[in-house]
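Engineer: Let the hints inform the model, and build the full structure from the sequences given.
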Amino acid sequence: MSKPDNNSHITNHESRITNHVSRIPFIDFGGEGPLLHFAHANAYPPHCYRQFLELLTPHFHVVALEQRPLWPDSDPAELTDWQLLSEDMIRLFDEQGWREVIGVGHSMGAVATMKAAV
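Numbering-wise (this note's numbering), the sequence shown opens with residue 1 and increments by one.
These aren't lab readings, by the way, just hints derived from the structure by calculation.
Check before you lean on any hint, since a few could be wrong.
If you anchor each label on the Cβ, the simulated ranges turn out as follows [to be verified]:
(1) His-47 <-> Asp-73: 17 to 25 Å
(2) Glu-95 <-> Val-118: 17 to 25 Å
(3) Glu-32 <-> Gln-83: 29 to 37 Å
(4) Asp-81 <-> Leu-55: 26 to 34 Å
(5) Gln-51 <-> Ala-110: 17 to 25 Å
(6) Gln-83 <-> Phe-52: 22 to 30 Å
Small disclaimer: the values here were computed from a predicted structure and weren't measured.
Glycine included, every Cβ here is placed at the ideal spot set by N, Cα and C.
Structural biologist: Encoded structure:
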């Protein structure tokens, strides 16, 4: 399996639905196959996982929400538990029309994914 030479296939997105712009940013790592969402850990933004996630792209279309603590206008006082992170994930999926999503996460991202799934 060859490794991409550059990051030209990776796209940062503002979530857009009709005329509504969400404040929830996500990264599209590209790929082919079912949609796989990767939720990152606390203090490790999605790009830290790039080499790992690129290995999945021959089999999955990989996206990663940038969790609320990374948003430029986020207020740390808003985040009193991880439930809000799950709600952000659900909101992004709804806005993008993503219905069948494989959820993968690391630490905080795994908990947020599990809470969003139940």
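Engineer: Under the constraints set out in the numbered hints, which ones does this structure not fulfil?
Structural biologist: As far as the earlier hints go, not one is violated by this structure.
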